[in-house]
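Student: Below are the chains, spelled out letter by letter.
There are 2 protein chains.
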Amino acid sequence: MATRTLLRIDSRCGWRWRAALPVSYAGLARGQSTTAAAEPQRPEMKTEVPGPKSLQLLKELSAVQESGAVQFFADYERSFGNYIADVDGNLMLDMYTQIASVPLGYNHPRVIQAFKDPKNQAAFVNRPALGLFPSGDHVQRMRQTLMSVAPPGLSNVQTMACGACSVEHGQKAMFMSYQRRKRGGEGPSKEEMESCLKNQAPGAPNLAILSFKDGFHGRTMGALAVTHTKWIHKLDFPAPDWPVADFPKLRYPLDQFTRENEQEERRCLNMVRDLMATWEKKGCPVAGIVSETVQCEGGDNYASASFFQGLQDIAKENGASLMLDEVQTGCGATGKFWAHEHFNLRSPPDVVPFAKKMLTGGFYHSDEQRPTESFRIFNTWVGDPSKMALLEAVLEVIKKDGLVDNSKVIGDYMLNGLLDIQNSFPAILSGVRGLGTLAAVDCPDAATRDKIITLMKNKGVHAGTCGTATLRLRPTLTIQRKHVDIFLDIFRGVLKDLK
Amino acid sequence: MATRTLLRIDSRCGWRWRAALPVSYAGLARGQSTTAAAEPQRPEMKTEVPGPKSLQLLKELSAVQESGAVQFFADYERSFGNYIADVDGNLMLDMYTQIASVPLGYNHPRVIQAFKDPKNQAAFVNRPALGLFPSGDHVQRMRQTLMSVAPPGLSNVQTMACGACSVEHGQKAMFMSYQRRKRGGEGPSKEEMESCLKNQAPGAPNLAILSFKDGFHGRTMGALAVTHTKWIHKLDFPAPDWPVADFPKLRYPLDQFTRENEQEERRCLNMVRDLMATWEKKGCPVAGIVSETVQCEGGDNYASASFFQGLQDIAKENGASLMLDEVQTGCGATGKFWAHEHFNLRSPPDVVPFAKKMLTGGFYHSDEQRPTESFRIFNTWVGDPSKMALLEAVLEVIKKDGLVDNSKVIGDYMLNGLLDIQNSFPAILSGVRGLGTLAAVDCPDAATRDKIITLMKNKGVHAGTCGTATLRLRPTLTIQRKHVDIFLDIFRGVLKDLK
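Sequence lines, in order, name chains A and B.
Per the numbering used here, the very first residue in the first sequence carries number 781; after that it's consecutive.
Per the numbering used here, the very first residue in the second sequence carries number 781; after that it's consecutive.
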């Protein structure tokens, strides 16, 4: 891997650097686009994907674990920027990026620099019990990283190891704040303290979280209780009897179906209201409402700002908290740093879990959600400072390179391209939609969608799926027009062949 | 931080190296003990702990999160081997090691070497969605790390990010295998597939996990449902109505109370049997039994091999799986690599979660616990290959240096020392117990225990707590007699002052 030094970071659409090695990069003029120089120009395909080496490794991996989800074995040393390499020598434009979890692309020079910075070494080789013994630079790092991009109005943050844990502990914060309000400032009773140890009321109260059909929040028991996507995620696991509301099924493009969509959102909000009342009557009041800002795993389903405003109103009317899950939508891809900034909420959401592109899990929360006792939100690691050392570099690049704006500009460009293609293939594609570089389009059925994905992959574009028959696009934040052009070109070619 | 090169690894009780820098290490003879040379000779205390710098940082951290659990801010660059440094210039012998999660001590040269190895760089800067796109070296790394230390008879492993997630997904494996057995080879029905999405039976069946009083398994909803330690862990969170059996309350030393302890264990096993029958009758059969091998957070409570054999028998009689949680007890500290190897079980446990000293989370499991469909045990990251790159170095040192045996030898030495001290202070100490270097002793009450901990800390020995009034010791695997001597000396001094 070549050592590259960061030269200038002043562009809206990507970083720029001077390559020290290999020699072929050395002639780069100041200001010449990075990716143009150091990234491959195009995908390069040697075999079908998965190729023979991937298939052999898959066989070996299957000896020690169920591995049916593996698509191919990657070569992360050779992957670069927006391109992922595999062990069979293929190089694909990556429009899925590890389920939307690669912020700047592979082997970004600034991230490598942070990894090699001697001041970060101790964080990588000595993982602390962060809630007990944080390092001396932890506070400053929290300020420079997580707090520097905190959602407006949220001044508390708690790190966690992954997305599911972040949702789980965010739920705990909501349960605690609900019970605290109910106690009106009194401490817990002896009966509560004793009964909770046996999983019994009143200490373990009968409380619910309201969630949405097709919502996805993770796969541990609490996160899974509010997840309603595919049976494969949920079958065989006991689950609490919590209310599940319909999420609006909007028609796209949104501006052509304003009235129908408003009606649909009203219907869903009324359902939320009804469910809250029903569960209250059942003696299992709703302590919190959980929604993604865009339902990703469930099919890239959008709802309007006005829907989320309404949802927040309902939460407030009922004394419940509102969690907006930004695990997949946070960190700039939607054209705002947090997707919920698009919603113009009257006050901040109460809890905002994050992970994926943020490299560390965690959740932001309001003062009201802050536990009043220690060890309530806790575990051994509660995150990983080494991920924050990398995040520091990532956020620096996002800010200096204007990558949040880039997501908007390139996202619009991509969306227009997708609409064009949809117009060319109306029998195959429908419902093109997107926000920033989050983009999706529906196919007639899963088989057609999967065939398109496979054909694209074999031509060098790696895309994802969601919902039942949706193609899901999740590029890096450094994507440029030329990448979009390559994707659109190959997508169009595949659809032509399919016809 | 000095760069040190590994010279010889041939001792039972610690590694040996030649120091390249600073100059003061350069004269070390071949074979001279590492820790003797490179570690501090003794604790060095400048202030009380937490000192003024820690207190200032704590104030700042509290601005962004509830931080009451923080004990001090550490200086991980200056920490070395068995000594942890803090920001106030104090250097403490660490007998707690980040809640038992530091295998070799701080800044171990071999771990630093793995961190700096260019072949590992890609794993640190490109975190994959491991279940979809593992790297080409993943299979080999799995073999060299996790599979090379797999518990006897368990040939499957699934990585996860942390201990709680490992327990949660281990529980899911038990629920799935239970339902699979019930279906007798048939696939799930349409009704099951649809109802599970709404958290309803039959897809989300009414099944339980049996767990133990004072057991601790984590703080996400599924792990917390089988955790029964302190109210602070559980209060305000809804919990499933699952059976909770008594864990044996044994009297120590075990060999002096054989008959009483046998009786107590029989009582608890009978209770398990009764609870299983009761829940079966309730229509909520027990799909799995969960226990730690040693109850750590709950007070370092031991049970005999015969108890665990009985527990496995009951599980098998009832068609339930057995999970033995080794998150805190695994990775060599008990004098066996896995604590359950002490139990001579007739067949392997079904699920063994790990984390902490293993650096990555995960769980081993039998073939029967392997999901038959993909994406059942899954999330975006499912672990972190960079942790496995470090684990590779850790396991290499453990094996070459015989650190599992070291735990036994030094553990016995420490236990004898503790028994001596207990004999000197019978009014203050009781119940000294241990397995390998896992060791604990009871104080009359929490206040006395906490006072001892504080006094020890201010003299340079950092120890932990568990249960209601127990002092918990969790040194690294590289601990030597001289460390134990320093600890015992300071412990004895503190108890004398207390008298």
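The set of hints was computed from the structure by calculation and includes no laboratory data.
Any given hint could turn out to be false.
Each pair may be met inside one copy or between any two copies, as identical chains are not told apart.
[Unchecked claim] Cross-link-like lysine to any residue pairs, in silico, SDA-like; alpha carbons within 25 angstroms at most:
hint: 1; residue 1: Lys1061; residue 2: Pro1020
hint: 2; residue 1: Lys1096; residue 2: His1122
hint: 3; residue 1: Lys1096; residue 2: Glu1060
hint: 4; residue 1: Lys978; residue 2: Asn1238
hint: 5; residue 1: Lys970; residue 2: Gly1090
hint: 6; residue 1: Lys970; residue 2: Arg1053
Student: Now tell me, hint by hint, if it's right for this structure.
Tutor: Going down the list of hints, with the structure as the test:
no.: 1; hint: Lys1061 x Pro1020; verdict: both (17 angstroms within a copy, 20 angstroms between copies)
no.: 2; hint: Lys1096 x His1122; verdict: within (20 angstroms within a copy, 55 angstroms between copies)
no.: 3; hint: Lys1096 x Glu1060; verdict: within (15 angstroms within a copy, 41 angstroms between copies)
no.: 4; hint: Lys978 x Asn1238; verdict: neither (55 angstroms within a copy, 38 angstroms between copies)
no.: 5; hint: Lys970 x Gly1090; verdict: neither (39 angstroms within a copy, 35 angstroms between copies)
no.: 6; hint: Lys970 x Arg1053; verdict: neither (34 angstroms within a copy, 30 angstroms between copies)
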